[in-house]
Amino acid sequence: MRRILLSLILCVHSASMSAASGVFHTTAFEGGRSVSLSLTEGGPADDPAFDFDVVITLSEIDGGGAVLYQDEGRHGASVRCVSPATVRVNSAVYAVDISALPGTDWKHDLWATLCTAPAS
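In my numbering, the protein residues as written are 1375 to 1494.
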């Protein structure tokens, strides 16, 4: 059910909103600059060990909200919701501390965005 929900959310999201509104994690730096990670695509994982395959983009934003840099790369990641919760980027597999506070770690925030969707 979560896979269907994610696919619907991402389809509606990409059709109706800008890439900046898909932000799942932001890190603030001195001078008001920030770097945001956004989901731009996603769906069920090809690898049965994971639940989702997604594409992440990166943006740097100044203190006034202007985009200073928009990464043109398409960074793929896979997410496993069940224990052990993990995020895979390329061949690196990262454990996710599911007890972490939102905003603490981008991998946790990606996991939480995909795996803790409210039940309908």
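By construction, these hints were calculated from the structure, which means they are not laboratory data.
For clarity, every value in this text was computed on a predicted model and none was experimentally measured.
Hints are not guaranteed to be accurate.
[Claimed, not checked] Okay, the calculated beta carbon distance ranges per label pair: (1) A1440 - A1469: 18 to 24 angstroms; (2) H1449 - P1422: 21 to 27 angstroms; (3) P1458 - R1407: 32 to 38 angstroms.
Ideal Cβ positions, reconstructed from N, Cα and C, are used throughout, including at glycine.
Against the structure, the hints:
Checked against the hint of 18 to 24 angstroms, the pair A1440 and A1469 fails, with Cβ atoms roughly 36 angstroms apart. One distance hint, 21 to 27 angstroms for the beta-carbon pair H1449 and P1422, holds here, with the actual separation near 22 angstroms. Here the CB-CB span from P1458 to R1407 is close to 34 angstroms, well matched to the stated 32 to 38 angstroms.
Of the numbered hints listed earlier, the single one contradicted by the structure is hint 1.
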